[in-house]
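Undergrad: Chains A and B, in that order, give the protein sequences.
The first sequence begins at 1 in our numbering and counts up one residue at a time.
The second sequence begins at 1 in our numbering and counts up one residue at a time.
Everything labelled a hint here was simulated from the structure, so no lab data went into it.
Source: prediction; values computed, not measured.
There could be a bad hint or two in this list.
Same chains, same names: a pair is fine if it fits in one copy or spans any two.
Said to hold, decoys possible - Simulated pairs of lysine-lysine, DSSO-like, Cα-Cα distance not exceeding 27 Å:
| no. | residue 1 | residue 2 |
| --- | --- | --- |
| 1 | K244 | K144 |
| 2 | K51 | K144 |
| 3 | K171 | K244 |
| 4 | K171 | K51 |
| 5 | K189 | K84 |
| 6 | K189 | K171 |
| 7 | K189 | K51 |
| 8 | K189 | K244 |
| 9 | K60 | K171 |
| 10 | K244 | K60 |
There are 2 protein chains.
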Amino acid sequence: MISNDDGYAAPGIRFLTETLRQLGDIVLVAPDAGRSGMSTAITVRTPLFLKLIEEEPGLKIYKSNGTPVDCVKLALNQLTNGRKPDVVISGINHGTNSSVAIHYSGTLGAVIEACINGIPAVGFSLDDHTMEADFEPSRPYILKITENVLHHGLPLGCCLNVNIPGTPELKGIRLCRQARGRWVEEFDKRSHPNGGTYYWLTGNFHNDEPDALDTDMYAMREGFVSVVPSQVDMTAFNLIDQMKDWDL
Amino acid sequence: MISNDDGYAAPGIRFLTETLRQLGDIVLVAPDAGRSGMSTAITVRTPLFLKLIEEEPGLKIYKSNGTPVDCVKLALNQLTNGRKPDVVISGINHGTNSSVAIHYSGTLGAVIEACINGIPAVGFSLDDHTMEADFEPSRPYILKITENVLHHGLPLGCCLNVNIPGTPELKGIRLCRQARGRWVEEFDKRSHPNGGTYYWLTGNFHNDEPDALDTDMYAMREGFVSVVPSQVDMTAFNLIDQMKDWDL
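With the rest of the complex left out, here is chain A (with noise of 0.2 Å):
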């Protein structure tokens, strides 16, 4: 199954779905439009519609009004007649997901939310935002490490967060933890013409530890595909030794 959060119809998941058929029958269930920084959220207050847009052997595609987690509920629940897919695909995001954008990006949504149903997961992240990116050199990549998905597993709550530098050359493959880092200078105040003010968000990405050799940052700096494995327990363990110490 594959998902993402730019839209059924965006050239990184047509890219994506076209290097991963030769792997497997496709069913392809994203958003009809952008979805960028829908997170994990779902749709509780609008009914949500499931269109069937292409078929042909071994590829169906469907677009949805919902996020991206409501693809993957309504690909899972509606459509795989209680079959579970052998892996979720979702990408190749317009755009880098490292660092704590796993937090905030629909395309790792639709990758936490295969997760939390026990299906092994990877989101596909390409650093370079235009339509006309180049996602070529991040074919075999790609290949190689949803192979290596099928062939192993993932352990039960863990998924793959994997970012591709924006360059031609690629360097190879590095396993990381994710880089600690925030946005910066976020709003762009303006006046509305009829009065009264309104916000952008915009900003910067502010790395906190750009020396860290071990984070997807530096990885991708360096020109390798970074492999973030991600878990959906969020529990600080250390912190609950530390907190008995507090009188609670």
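Given the coordinates of chain A, work out where chain B should sit on it, guided by the hints.
TA: Frame of chain A; chain B shown alone:
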């Protein structure tokens, strides 16, 4: 700073604000209506509005058309004059956010956003969806936990997910880990009056480990307030080691 995902007018956030006023000045920024299930979603395609609706000594209340994460970003970037709040408290959510709900909840989205920005943050949720929920039994627990966080701080990248049973008698506090679980049978498929089908997202939570004594869901079932120390770093460090044997 206070936020939530049920909207600035919800009884839960009003109770939280009233409870915490004795601890310091409060800036409340919350959605203008319910944003349940919005996770850590951000708004990138729509302009954001921010409106002051109440002001008295020690308390300012703003509403926004954004998500809970947008509300925290607006507060930190536009309202606090470069000062960081001592703590960000989100809730009290009308309904539990235990187990994997940390990924879907807008209330916890606000907590994660504060955490990414290096601010100690706590999410409070009551296991009662109704607008008539009785928050009173939770008052001493909210004060005690918030006072402890103000006193001890929280490690960088860590926050607390607190869930409170919807019962009048609470037995105390337990430090827990996030239970493994997921939602099942999630769609109500209906016929549209004008033809075609649509879906309502619904379903029941399935606890994959109902007998695990150290989980939040077990503690709540026993009548305890569960506190899950949580972290924004989702890296699965064990899996990094395992994957070194893969053919990558």
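Undergrad: Work down the list of hints and note, for each, if the structure agrees.
TA: Consistency of the hints with the structure:
{"no.": "1", "hint": "K244 - K144", "in the structure": "between (45 Å within a copy, 14 Å between copies)"}
{"no.": "2", "hint": "K51 - K144", "in the structure": "neither (31 Å within a copy, 51 Å between copies)"}
{"no.": "3", "hint": "K171 - K244", "in the structure": "between (46 Å within a copy, 17 Å between copies)"}
{"no.": "4", "hint": "K171 - K51", "in the structure": "neither (40 Å within a copy, 50 Å between copies)"}
{"no.": "5", "hint": "K189 - K84", "in the structure": "between (46 Å within a copy, 20 Å between copies)"}
{"no.": "6", "hint": "K189 - K171", "in the structure": "neither (41 Å within a copy, 48 Å between copies)"}
{"no.": "7", "hint": "K189 - K51", "in the structure": "between (38 Å within a copy, 14 Å between copies)"}
{"no.": "8", "hint": "K189 - K244", "in the structure": "neither (44 Å within a copy, 47 Å between copies)"}
{"no.": "9", "hint": "K60 - K171", "in the structure": "neither (34 Å within a copy, 53 Å between copies)"}
{"no.": "10", "hint": "K244 - K60", "in the structure": "neither (52 Å within a copy, 35 Å between copies)"}
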